[in-house]
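Enquirer: Based on the provided sequences and hints, a complete structural model is requested.
Each chain is listed here by its residues.
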Amino acid sequence: MVMDRKIRVIMAKLGLDIHWRGVYLVSQFLRDAGMEVIYLGNKFPEQIVEAAVEEDADVVGLSTLGGNHLTLGPKVVELLKEKGLENVRVFMGGVIPPKHIPVLKEKGIYEVYGPDTPMEVIINGIRESVQVN
Amino acid sequence: MEEIDRLIEKSLEGEKLATARLISMVERGDERASYILRKVYPHSGKAYYIGVTGPPGAGKSTLVDRLVKLFCVNDYSVGVIGVDPCSPFTGGALLGDRVRMNIKHKEWDVFFRSMSAGRVMGGLAKTTKEASRILDASGRKIIIIETVGVGQSELDIAQATDTVLVVLVPESGDSVQVMKAGLMEIADVFVVNKADRPGAENIALSIQGMLDRSLRKREWKPPIFLTSASLNKGLDQLYDGVWSHYRHLHHDCRLETRRKAQLKNELRQLIEAQFSEVIWRNIINNSKLEELVEDVWEQKIDPQTIARKIVREQLRDTFENNTVG
Ligand SMILES: Nc1nc2c(ncn2[C@@H]2O[C@H](COP(=O)(O)OP(=O)(O)OP(=O)(O)O)[C@@H](O)[C@H]2O)c(=O)[nH]1
Ligand SMILES: [Mg+2]
Chain A
459 MVMDRKIRVI MAKLGLDIHW RGVYLVSQFL RDAGMEVIYL GNKFPEQIVE
509 AAVEEDADVV GLSTLGGNHL TLGPKVVELL KEKGLENVRV FMGGVIPPKH
559 IPVLKEKGIY EVYGPDTPME VIINGIRESV QVN
Chain B
2 MEEIDRLIEK SLEGEKLATA RLISMVERGD ERASYILRKV YPHSGKAYYI
52 GVTGPPGAGK STLVDRLVKL FCVNDYSVGV IGVDPCSPFT GGALLGDRVR
102 MNIKHKEWDV FFRSMSAGRV MGGLAKTTKE ASRILDASGR KIIIIETVGV
152 GQSELDIAQA TDTVLVVLVP ESGDSVQVMK AGLMEIADVF VVNKADRPGA
202 ENIALSIQGM LDRSLRKREW KPPIFLTSAS LNKGLDQLYD GVWSHYRHLH
252 HDCRLETRRK AQLKNELRQL IEAQFSEVIW RNIINNSKLE ELVEDVWEQK
302 IDPQTIARKI VREQLRDTFE NNTVG
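In the order they appear, the protein sequences are chains A and B.
So in our numbering, spot 7 of the first sequence is number 465, and the numbers just go up one at a time.
So in our numbering, spot 9 of the second sequence is number 10, and the numbers just go up one at a time.
It should be emphasised that the hints constitute simulated quantities derived from the structure, not laboratory data.
As the structure is a prediction and not an experimental result, all values here were calculated from the model.
Among these hints, one or two may not hold up.
As the list claims (entries may be wrong) - Example chain B residues on the side facing chain A (calculated, C-beta under 10 angstroms, incomplete):
#1 18
#2 21
#3 112
#4 114
Unchecked claim - Covered stretches of chain A (chain B as the covering partner; in silico rule of three or more C-beta atoms under 8 angstroms from a C-beta of chain B):
#5 489-496
#6 505-519
Stated by the list, open to error - Pairs of lysine-lysine residues, derived as DSSO-like cross-links and limited to a Cα-Cα distance of at most 27 angstroms, are as follows:
#7 B:142 <-> A:541
#8 B:265 <-> B:218
#9 B:127 <-> B:17
#10 B:47 <-> B:17
#11 B:40 <-> B:17
#12 A:533 <-> A:563
#13 A:541 <-> B:17
#14 B:11 <-> A:539
#15 B:289 <-> B:310
#16 A:541 <-> B:70
#17 B:265 <-> B:47
#18 A:533 <-> B:17
#19 B:127 <-> B:47
#20 A:563 <-> A:539
#21 A:541 <-> B:11
#22 B:47 <-> B:222
#23 B:222 <-> B:234
#24 B:142 <-> B:265
#25 A:541 <-> A:563
#26 A:541 <-> B:40
#27 A:539 <-> B:17
Cβ atoms here follow ideal geometry from the backbone N, Cα and C, with glycine treated the same way.
Expert: Here is the structure:
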């Protein structure tokens with residue numbers, strides 16, 4: 459990929475999770491790493507995927523406080539595929555029980571980051587996922 | 002058929018993914034950008050372009066969301082471009098206008114695109130214009146462009162749209178007095194949003210006062226609407242007000258006059274941009290420039306004379322080369 463091609467990332471809180479400010483913080487870090495972050499706030503899978511289409515996103519980042527991640531996360535992957543956007547990688551972050559991580563990856567989530575993941579890991583993870591494309 | 006032609010064709014048929022891809026290519030100055038713009042241009046010009054500008058946090062996006070809904074209810078397809086500032090250090094951006102979009106895309110025909118002001122090569126007007134032409138050609142009937150009104154961008158938005166909404170809030174009270182003439186001049190419609198807060202009437206009065214004192218003779222008196230976008234109050238009146246400006250534009254060829262004036266500006270800027278590109282690419286480079294600096298430094302020649310000489314000589318060479326080639 460050419461250097462000046464800015465990575466476009468969609469960032470959303472899944473469903474009705476409202477208390478976690480982490481996603482906004484991560485968004486700011488990604489911006490400072492030179493990415494274009496399209497911040498959605500709270501949205502459901504249909505709206506997230508619409509945004510990915512219209513914004514021509516490279517990556518989708520979802521945050522969750524748990525409860526809904528096993529259904530809503532994979533739903534995003536499925537809808538992206540339906541729209542012909544299987545190249546768009548989906549990342550998840552937040553409070554997710556470790557035993558669910560393999561399940562999510564099985565269902566097409568590219569990477570899952572816990573609340574303590576260092577920012578560099580997330581930034582590099584996103585960069586590398588785009589280069590693979 | 003070439004891939005790019007297929008993409009253009011799909012976009013013209015209204016396919017969102019194709020449209021999104023085209024906008025990206027144009028936005029990042031892809032080598033196919035001018036081809037895309039050439040193919041798309043004949044299909045554009047049918048939409049009604051609305052600009053929404055005002056200070057940060059005035060409720061522009063919330064207002065746009067409500068207006069979009071009203072347009073949709075009335076069977077218009079809508080395209081929205083939300084422009085946000087970028088970080089001057091990294092070029093990255095946090096684009097947040099979409100947070101307020103609560104329209105159900107399944108029900109309504111909306112295309113929303115976020116843009117970073119940092120990516121606007123050759124000015125905000127140029128990039129938003131190019132992106133909105135792609136949306137226009139893809140069949141969107143209403144195009145709304147939101148920008149934060151700080152500095153140059155509000156003047157640019159007047160260059161790219163038919164009707165400009167300037168959004169203020171009760172807290173803007175004092176700043177109305179010192180409001181840059183620019184913002185007053187470009188407004189076709191004033192909105193005092195957050196009218197649920199105290200002071201809305203006052204600011205409306207001071208805007209009215211400024212309009213009355215302005216010496217410029219106006220064919221159109223910008224109306225002032227009080228709204229509460231988040232409470233969904235005053236939106237119907239604003240919606241009607243926007244359409245009344247549209248009707249005004251359709252008398253006496255005003256729309257044509259406005260758009261031709263914009264085109265004239267656009268052409269001037271494009272010609273200048275291409276000229277300087279040619280000059281910097283073919284005629285003069287940095288090391289040549291440094292040589293000249295030495296000459297000027299030693300006062301062998303003055304800056305004016307050498308600049309004129311360089312341009313004259315090099316343009317002549319370029320023309321001769323072209324005729325030979
Ligand atoms: N009290 C009140 N708050 C409002 C109103 N309209 C919007 N807001 C709130 O104002 C805040 C900013 O709204 P936005 O629509 O994002 O404002 P904006 O002008 O698009 O902001 P930027 O794009 O960041 O410049 C949000 O918290 C809205 O809920 C209103 O009519 N009354
Ligand atoms: Mg906004």
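Enquirer: Tell me, in ascending order, the numbers of any earlier hints that this structure violates.
Expert: none
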